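Visitor: As a plain string of letters, each chain reads:
2 protein chains.
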Amino acid sequence: MANSQSTKAPLRLGIAGLGTVGTGVIKIVQSKANLLAARTGRAVVVTAVSARSRAKDRGVDLSGYAWEDDPVALAQRDDVDVFVELMGGADGPAKAATEAALAMGKDVVTANKAMLAMHGNALAAQAEENGAVLRFEAAVAGGIPVVKALTEGLAGNTVTRIIGVMNGTCNYILTRMENEGLSYDEVFAAANALGYLEADPTLDVGGIDAGHKLALLAAIGFGTKVAFSDMVLEGIERITIDDIRQAADMGYKIKLLGVAQMTGRGLEQRMTPCLVPDTSPLGQLDGATNMVVLEGDEVGQIVLRGAGAGMGPTASAVMSDVLDIARDIRVTTFGMPVEMLETAKPAVAATPAPFYLRLSCIDKPGVLAKVTAALGDAGVSIERMRQYGQHDNPDVAPVLIVTDPASRNSLDVAMAAMESANVLSEPPVAIRIEAV
Amino acid sequence: MANSQSTKAPLRLGIAGLGTVGTGVIKIVQSKANLLAARTGRAVVVTAVSARSRAKDRGVDLSGYAWEDDPVALAQRDDVDVFVELMGGADGPAKAATEAALAMGKDVVTANKAMLAMHGNALAAQAEENGAVLRFEAAVAGGIPVVKALTEGLAGNTVTRIIGVMNGTCNYILTRMENEGLSYDEVFAAANALGYLEADPTLDVGGIDAGHKLALLAAIGFGTKVAFSDMVLEGIERITIDDIRQAADMGYKIKLLGVAQMTGRGLEQRMTPCLVPDTSPLGQLDGATNMVVLEGDEVGQIVLRGAGAGMGPTASAVMSDVLDIARDIRVTTFGMPVEMLETAKPAVAATPAPFYLRLSCIDKPGVLAKVTAALGDAGVSIERMRQYGQHDNPDVAPVLIVTDPASRNSLDVAMAAMESANVLSEPPVAIRIEAV
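Quick note, the sequences are listed as chains B and V, same order.
Heads up: the first sequence begins at 1 in the numbering used here, then just goes up one per residue.
Heads up: the second sequence begins at 1 in the numbering used here, then just goes up one per residue.
Just so you know, these hints were derived from the structure itself, not from any lab.
Among the clues, some could well be false.
Identical chains share a label here; the pair holds if one copy fits it or two copies do between them.
[Said to hold, decoys possible] In silico EDC-like links for lysine to aspartate or glutamate, alpha-carbon gap of 20 Å or less: (1) Lys8 to Asp404; (2) Lys32 to Asp230; (3) Lys8 to Asp392; (4) Lys27 to Glu234; (5) Lys95 to Asp286; (6) Lys8 to Asp328; (7) Lys27 to Asp57; (8) Lys27 to Asp297; (9) Lys32 to Glu295; (10) Lys370 to Asp185; (11) Lys8 to Glu339.
Source: prediction; values computed, not measured.
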């Protein structure tokens with residue numbers, strides 16, 4: 001076997017996009033040639049590259065590679081076996097070049113979660129029709145080999161739930177708010193100045209980027225077509241330092257948490273702020289690190305933790321896919337052929353859960369009675385309640401409530417009733433408490 | 001691709017060993033036939049089984065399967081494509097049947113860490129010579145897909161260190177000692193009564209079982225031949241509740257920790273009790289759960305956590321290998337051909353580290369001076385020291401020391417000097433503090 005492998009032709013990569021990740025991939029290919037050949041039984045080489053600027057010094061030697069201004073031309077070159085798409089963007093050149101590669105039966109490795117969240121079903125089908133593979137380990141949770149763990153490692157399981165903190169920037173913001181007592185706006189500005197945020201920050205703090213990742217994992221886990229448009233999205237922009245402190249007082253941390261699960265009411269996909277117990281692995285996740293929790297009927301709960309971004313971790317994930325192809329590991333994009341993926345009915349409402357409620361009550365007699373009546377009338381019962389002493393504003397009495405498990409709809413009815421009764425000085429905040 | 005896959009012949013399993021894991025595998029094959037076929041493009045079926053007792057009721061229907069009393073005969077059957085070895089034992093029938101299967105070019109999936117720790121190099125070579133694969137996801141850390149993560153997911157990395165808590169029974173014992181203030185002997189007896197221990201408990205509490213697992217991961221990670229005999233092994237039998245409490249006071253937990261790393265002095269492989277920070281993922285690991293930390297030069301640190309034993313988790317891992325074979329995923333046993341694995345020089349001594357020292361000093365003048373002189377003479381400096389008040393024994397003054405990073409050899413010299421000076425009422429305890 002070893003001998004037959006070592007006579008294989010080199011695997012030739014064409015890399016489109018020479019930012020941090022593309023440069024990292026080239027560094028690995030150049031510096032670890034012998035190791036990669038030993039592991040896969042064949043040489044792995046770069047033959048051609050493409051990027052916006054040819055002149056830019058990226059700290060790697062590109063002189064041995066052909067240059068293409070047009071990524072589509074790169075994807076179609078005869079000396080490219082695998083098209084490595086690291087440009088980003090859901091449409092435009094990334095999609096055009098990916099389609100061009102697949103049309104010619106070339107394998108594609110991409111880190112492009114937006115493209116796959118929008119066009120993954122069609123691209124995966126195109127790959128299958130042309131006998132190519134389309135792999136995306138680097139698109140989800142950086143260096144954590146979660147796509148492989150879910151698609152292959154847990155293939156003997158009916159997946160029951162996927163949970164994850166998959167946007168390092170959001171977790172960094174929430175952790176810094178907590179550790180330094182800073183406001184959301186202060187930390188957001190600092191993170192932006194450090195270049196941690198996407199050009200459109202809503203992609204990060206609005207949960208969209210993390211939602212793209214969760215939609216891809218959900219497709220694999222539940223054998224369903226990618227359905228990003230069905231995802232419930234809520235960002236971290238309204239989280240205050242008070243919420244973080246009061247959650248901490250009650251033994252919780254606030255995370256931008258992705259949850260996907262198949263229920264009797266349909267496929268539930270949410271990327272929203274949630275409270276998780278501070279003693280849980282997710283609760284203990286600080287800073288820009290990512291964590292994905294995979295639950296299967298056989299395996300129970302598997303927790304994966306690692307760097308969600310950065311040159312080395314993301315390039316490591318790209319190389320995982322490239323080296324799979326070098327080893328003739330050829331798995332369908334979402335773990336089964338696209339034609340077998342079901343079109344999931346989106347769950348009309350999330351599974352009931354306890355909620356944390358922060359209410360800024362107007363400090364006058366009878367207000368608490370109206371608040372509790374609003375909850376009771378909506379069928380929401382109270383697990384515990386705290387009223388804080390008046391601090392900076394003597395006219396407002398902050399009230400914190402943890403409810404028993406309730407539907408979000410019931411809660412919304414109760415909160416609307418409170419607002420109609422004019423007992424709150426500002427809109428209520430409700431954050432789901434997720435059992436993890 | 002989907003159509004060509006669906007015309008493939010069924011993959012036929014012969015399962016030897018019908019204990020918890022074998023029964024779990026059969027349950028998965030029977031209950032998830034459609035799901036497995038969708039994922040792999042072919043039917044996965046059991047054709048024949050073998051176990052010690054044919055009469056025993058295992059709660060699964062075996063009537064459709066051929067029965068073989070002799071696992072070698074099972075392995076050689078014409079209607080068996082994959083021999084699934086779940087008998088256990090480093091030698092004897094497990095090895096004979098595995099060799100018989102490989103000799104005929106049949107693929108083998110095994111959960112047998114002892115067999116691979118002892119004979120893995122030879123068996124992997126035999127597999128390669130015969131064009132077969134020999135896979136062992138279930139042998140290491142139960143349901144955690146760590147063999148796959150290391151062999152495939154991190155294939156673009158030079159692995160720098162592998163750390164793990166990989167014996168759930170030991171972690172259960174240490175956690176119960178801590179939580180309930182019980183002695184080692186008390187918890188050991190309770191665990192034994194619950195059937196948590198191997199027939200020979202030394203395999204668990206002596207670190208041998210976990211050492212087998214670490215030796216297999218080290219071979220993959222560092223591209224070296226399996227070298228279990230070079231592993232430094234130390235069990236948890238000498239850990240006292242005092243050690244656990246005092247470690248906790250200083251912000252540490254005690255774990256039976258496996259560490260493998262390639263150093264300038266050779267390959268370091270240790271499975272010994274260590275202190276780890278109580279805020280680290282390893283420090284927060286309670287009960288029978290397993291955790292493996294993989295460190296690579298590109299990916300940084302990846303943490304994997306999950307159930308290390310039990311029917312579902314272990315059967316899930318067996319199925320991961322089986323379904324890989326069904327998908328034509330064929331990777332060499334240790335990630336590269338055996339002939340390319342290097343024979344590692346074992347490190348003559350472990351990397352220096354801080355140590356926790358517990359000394360039962362005789363309570364008389366000048367003793368502390370002699371203790372500190374013994375350390376100083378051996379070149380071991382003290383990072384912090386505590387002398388406890390005399391409690392149950394007025395003649396003994398317990399002294400706790402955390403050293404600066406020191407070699408184990410220097411520490412042994414210092415401890416020998418203390419014992420020669422007759423200043424200790426019982427042998428000193430030294431536990432390494434591992435940076436994790």
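Visitor: State for each hint whether it applies.
Guide: Here is how each hint holds up against the structure:
| no. | hint | verdict |
| --- | --- | --- |
| 1 | Lys8 to Asp404 | neither (62 Å within a copy, 52 Å between copies) |
| 2 | Lys32 to Asp230 | neither (42 Å within a copy, 28 Å between copies) |
| 3 | Lys8 to Asp392 | neither (73 Å within a copy, 72 Å between copies) |
| 4 | Lys27 to Glu234 | neither (38 Å within a copy, 40 Å between copies) |
| 5 | Lys95 to Asp286 | neither (35 Å within a copy, 46 Å between copies) |
| 6 | Lys8 to Asp328 | both (11 Å within a copy, 18 Å between copies) |
| 7 | Lys27 to Asp57 | within (14 Å within a copy, 57 Å between copies) |
| 8 | Lys27 to Asp297 | between (40 Å within a copy, 12 Å between copies) |
| 9 | Lys32 to Glu295 | between (35 Å within a copy, 17 Å between copies) |
| 10 | Lys370 to Asp185 | neither (33 Å within a copy, 58 Å between copies) |
| 11 | Lys8 to Glu339 | between (33 Å within a copy, 18 Å between copies) |
The structure does not agree with the numbered hints 1, 2, 3, 4, 5 and 10 stated previously, though it agrees with the rest.
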